[in-house]
Amino acid sequence: MEAERKKKKRTSAKTLQTAREAGYFGKKMLQNALKAREEGRPTAWSMVTWWEGELIAKAMGVELVFPENWGAFCASVRAAEPHLDRSHGEGFPSTLCGYARNCLGYARNMADNNLEVPPDAPGGGLARPTFLLSSGAACDARYKWFQALGRYLEVPVWTLELPHTGVKEYFLPGNKEHNIRFIVSELKEYVAFLENLLGKKLDWDRLSEIVDQTFKTLRIAYEVDLLRKAVPSPMVAQDFWSIMIPHLYLPDDPEAYEFYKRVYDEVKYKVDNKIAAIPNEKYRMMFSELPPWHTLGFFDEIAERYGIALVIESWSYHAIPPIPEEELEGVTDPLELIARLTYRMWTGYNETALEYGVDPGFFMSAYLKWAKEYRADGLFCHPLMSCRPATYTLLHTGNVLMDKFKVPSVVIDGDIVDLRVFNEEEAFSKVEAFVETMDHYREVRKKEGLPW
Amino acid sequence: MFFAGLDIGSTITKIVIKTEDEIWTSVIRPTGAEHRRLAHKLMEEALQKANLTFGQLDYIIATGYGRINVPFADRQVTEISCHMRGINWFFPGVKTIIDIGGQDCKGIKVNNGKLVNFVMNDKCAAGTGRFLEVISEALGVKVEEIGDISLRSTNPAKISSLCTVFAEQEALLRLSEGVSIEDILAGIHRGIATRIYSMVERINIEKEVALTGGGVKNVGLRKALEERIGFPAVVPPEPLITGALGAALFAQEYVGRIDKKELETRKKERRLEAVTFFGEGPTRGQNG
Amino acid sequence: MTGEKKNKGLARAAEIYQSRDKRARELKADGKKVFGYFCCYPPVELMTALDILPFRIMGDMDEPITVADAYLPTIMCIFYRSCFDIAKKGRYDFFDGFIGAHACDGAERVSHIWRYYIKSPCSFFLDIPHTSHSAAIDFFKVQLNYFKETLEEFMGKKTSPERLKEAVSLHNRQRALVRDLYDLRKSDPPLITGSETLQVLISLMCVPVEEGNTILEEVIEEVKERKELPEKKACRLLIWGSLIDNTAFTDLIESSGLNVVIEDTAIGTRPFWHDVELTEDPMDGLALHYLKEFRCPRTFRETGPSYREDLESRFGYLKEFVKDWNVNGAYLNIIRNCDIHGYEVPAVRDYLEGLGLPVLVIEQDYSTAALEPLRTRFQAFAESIG
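Protein chains in written order, with our numbering: chain H, 1 to 452; chain V, 453 to 740; chain F, 741 to 1126.
No wet-lab data here; the hints were simulated from the structure.
As the structure is a computational prediction, the values presented were derived from the model and not from experiment.
Every residue, glycine too, gets a C-beta built ideally from N, C-alpha and C.
Be careful, since some hints might not be right.
[As the list claims (entries may be wrong)] Pair ranges (Cβ atoms, derived):
(1) Pro451(H) - Tyr857(F): 25 to 35 Å
(2) Asn885(F) - Glu436(H): 52 to 62 Å
(3) Asp833(F) - Lys27(H): 52 to 62 Å
(4) Pro118(H) - Val707(V): 50 to 60 Å
So that you can see chain H by itself, here it is in the shape it has in the complex (with noise of 0.2 Å):
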C-alpha cells in the first residue's frame, strides 16, 4: 500500500488552478520551436538568460528552446537516463550539470540521426538550432555546455557575458554604470552577429515592444510575489514551479502576461478571503534552489504530515524587484533597457547583502530579505549532485540566516535529473526532526525580540 501510495504522489497537486494550466506554456516553445524548424525559420538553444540574451532574438524571429527546462521536463517524465548513458559513453564526467548531460546525450543522438529529432525524443525533442545562446553567468556549465555541442551540432555558439562583481564593489563609485554600459555594447556585438548570420536587420520597434512587455509581465509576476506574504499562504513552491515558466522563458508573449493576470487574481481572492494552499499552516518555510522534478509529491506530503507550506523559493526564477523610477529616466534605448533589467536580476538585493555584511548579492541575499518579510520558520536547502552553482551558497545562507535571524535550515541532498540522489524515506525523517527544530526557533525568536 506504502508503494502505492508513493507512486500516485510523484507529481504534486497545484494549489492554483492557474498553476494546472502552466504546463501549456511549456509545450507551446517546444511545438514552435519544431514548426519553425519545419517551416525553415530560425531557431535557437538558449540558456535562462534572465532576458539578456532572448528578447532580442525574438525580436529577430528566431524560436527559441531552453534545454535546461527541457532537462527538467525529461527527468520530470522519467526519460533523462538514456542521454546521460550517453553522454557518460561520449567521455563527459558524469558529474558535470545533469541538464547538460541530458543535452549532450540528445545531441549525440541527432548527430546519429542526420541533425534531424529522433522519432522517440521526450515532449517531441528540441528542434535542430540555427545558432546556440549561451551565457556566462551564474554558472560555467552554461557557456562550456554549449561550447562543447560543437562536437555535434556545428553551428555558431554567442557568448553573452553578465558581470559578477562582489558586493562591496559593486558600490564603487561608477561601477555599476560600467557594468551597464559594458552589457550594452555586447549587446550591440550580439545584435551584429545575429544579423549577420541571419541576413536581415533588426527591427528596433519590434525590440521595444518585445521589452515593453516584458516589462509588464515581469511587474505583475513580481507583484504576485508581493501577496504571497500574506499569513497563511495563499500559494506554494509547487504553483510556483509552474507558474515561473511563461515570465522566465515568455514574457514578451502577450498569452503569458494575460495568464499572469489571471494568476495575480486568483492569488488575490485568496489573500484577501483568506484562503489557505495548504489547510493547517504551521510552519513557513523557504526552499533553495532547484526542486527534484521527479518526486515532487514529496512536496505535498510535507504540507498534509506537518502543514509545512513552501511560502518563497528559487532566487533565481522570480521577477526582480522592480528598477527604481529615477534609474529608468529618460532611457529609450531598448538595449540598455535590456541590460539594466538583467543587471537588476543579478544585483537587486545588493542592498540587503550590504545592510548585512554579506556576500554574494545573488543566490543568498534574496533569501535574507524574505526570512523577515515572509516570516520564514526555516530553510528547505536542496543541495544538488550535479547543479553546483544552485548548491554553493546553499550552507553559507544557511549559517547566515541563523546568525542573523535564528532561522534554522534543514539540508536534504537531490538531484534536479537523477531520480537516485533523493532518498525519500530519509527526507521525511529529515523533515520531521526539524520541524522540532523550527518550533524551538520560534521560541528563541521570540526571547530576541525578532519580530516573527
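Using the hints, position chains V and F against chain H.
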C-alpha cells in the same frame, strides 16, 4: 622453460604456469583480506601441482592490484596489459575486452596484440562482482545462482538506481510490491550492462568483443551485456585466469630479451616470501 | 642561527615548497604586506608595484577536508574546498589582504564565502569577463583600475606608470626564465623532472619576484651542469587540465614509467607562457594579457565554423608543445567537479588523438590518500606506449 604469471586480485588470486606452447597448470584461490599476504603459499601449491621446483621457473611476472611488492617476481605488469595479452592468446581477432572483476570493471582496446586504450570504473561498485554480491545477499539468493534465475524473467523490472546502497533498497521495494525475483534480477543485470556499456563505449566498442573476469561467469549478466552491445561476444574457457595467463605470456617474452647469465643470477636471488601491500588503509579497506 | 648554510637553486626551491609560508611570514615580520590571491588572474604586477608580496593561495592534498564541510558542499571543486579548509584552520592567518576572482565558479563563490568568514584588513573581488571581445578587454581594464585603487588606498600611496612598468618587466623576466627552464626539458631524458619543476614553480608563487628570479637563475645553472640525469623513460608526457600542487602526484606519475615534460595547467606553463606587453598605459597591457593571452578554458573562445576549426582555435597551441617537447602521451588531469576542464575532455581528447597521441583521462579527488589506486592506470598507460 617455465613461465609463471601471478595475478593478485582484490578477491581472488590466480597463478598460471606455462611452457613455451601451452598452459602447464593453473590455480585459483579466494584471497580474503587476511589471506592476501600468503601468495607465496599459493605459489608453492601451484608448483606442487605442476610437479616443479621454484628454481625451475625461469621468469615470474606479478600482476593485479597486489602486484607491487611481490619479492619473488622478476617484474610487474599491470592487469590491464595482462588481460589484453591473455585474451589475445585465446582470440587474436578480439579488439575490445570487457573485464568484470571483483572490485572494478575495465574496458580495454587491442590492436595487433598491443594495448591501445583502456577505461576503468571510477569510485563506483556498480558493474563489479561486489555489487552483485550485495544484491544477491539482499534478495537472499546465492550469488552463483542469480544469473540463471534472471534468465527465467519474462518482464524485467525497472531499477533506476545503480548506486549499491540505493539499488539494494530499490530491489527490496520492488520485492515488497510483489515483483518476482527473476524480474528484479533481470532488471538489475540490464542496468549493470547499460552502465558497463556506456563506460566502455568511451573507448569505442569494436567487434570482436571478449568478456572476461569473474563477472562473466554470471550468464544473466553475459546475456544482458551481449544484448546491449548488439552482437555475441567470446568468452575464454576459464575467464578468471586471463590476467595470470597474460602475465605468464609477458614472462615468456621478457626471457627472450635477457641473456642466460643474467637470468641465472636473477633466479638465484629470488625468494619465495610473503607479499607486502600498499594502501591497506581506508581507500582500499572495503574488502568485505 | 649563525652558520646555517643558505640553500641555493633546487634546494632553495624545495625548501620554500616544503614550508610555503615561511618566507612570507619572515617578510611580514619585517613590515612587508602580504596578499593572498586566487588563481592566475589577479595581476601580480599590480601588487609587486605597490611593494605587496602576492602569495598564491593553494590547497593541501595531504590535509583531509574537515572544517570546510560546514560552509561548502561536498559536490563543489575539491581544490577550492581544500583552500578554504586550510585557511579556516589558520594556515593563511598572515594575509594582510585577500584577492578573490571570478575565474571559475569555484573560485568565484569561494571568494564570496571566504570574505564573510575569514577577515583580512583589505579585500577585493576581481570580476573577469568570460570572453575576450574588445569591449570585455576595456571593461576588464576598468576593473583592474578599481583593483589598483583599492591597493593604493590600503597602502596609503600611489603607484606610477613607471613603477608599474618596472614591475611588469620583473615579472616578464620571470616568465622568460621559466620558459628557459622548460627548454631544459626538451632533451631525452629531460634534464629536470616534473616534481623538481613543480617545486620551483610553486616556490615562485610564495616569494617576491626578485627572489624568485634569483632562484630560477640558480636552478637553470645547476640543472644545465648536472651529471646525474633523470631516468630515461618510454613516455614523454604532456599534462593538461586542472592544476597539480603536490609532488606526491608527480612522483606517482614519474615512478610509473612516465617522464613529465610539460604541463598546460595553472601551475605550469599557463602563467608564464606569454609576456605582458609594455603598453604606454601599462593597464592596457595587463588587461590584454590576462584576458586574451592567458589560456584557460574559463575564457570562452569564439567557435569556428566547424568542429575541426574550433578545436584548432581552442587547442592549437598544444600542437607546438607536442612538437617541441617531443611528447608521445597526454594525461588529462581533472580534479573532480572541475567544470571548466570537465566539459573540455572529449574535445581536447579528440584534438590530441588527432595529433596521434594516446590520451589518459583521470578524475581525481585531490587527496594524497587517494593517489595510490591511480598507479595502475599510469602504469598501464606507460605499458601501452613502451
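Here is how each hint holds up against the structure:
1. Pro451(H) - Tyr857(F): 25 to 35 Å: holds, 27 Å
2. Asn885(F) - Glu436(H): 52 to 62 Å: holds, 53 Å
3. Asp833(F) - Lys27(H): 52 to 62 Å: holds, 57 Å
4. Pro118(H) - Val707(V): 50 to 60 Å: With Cβ atoms ~55 Å apart, the hint holds.
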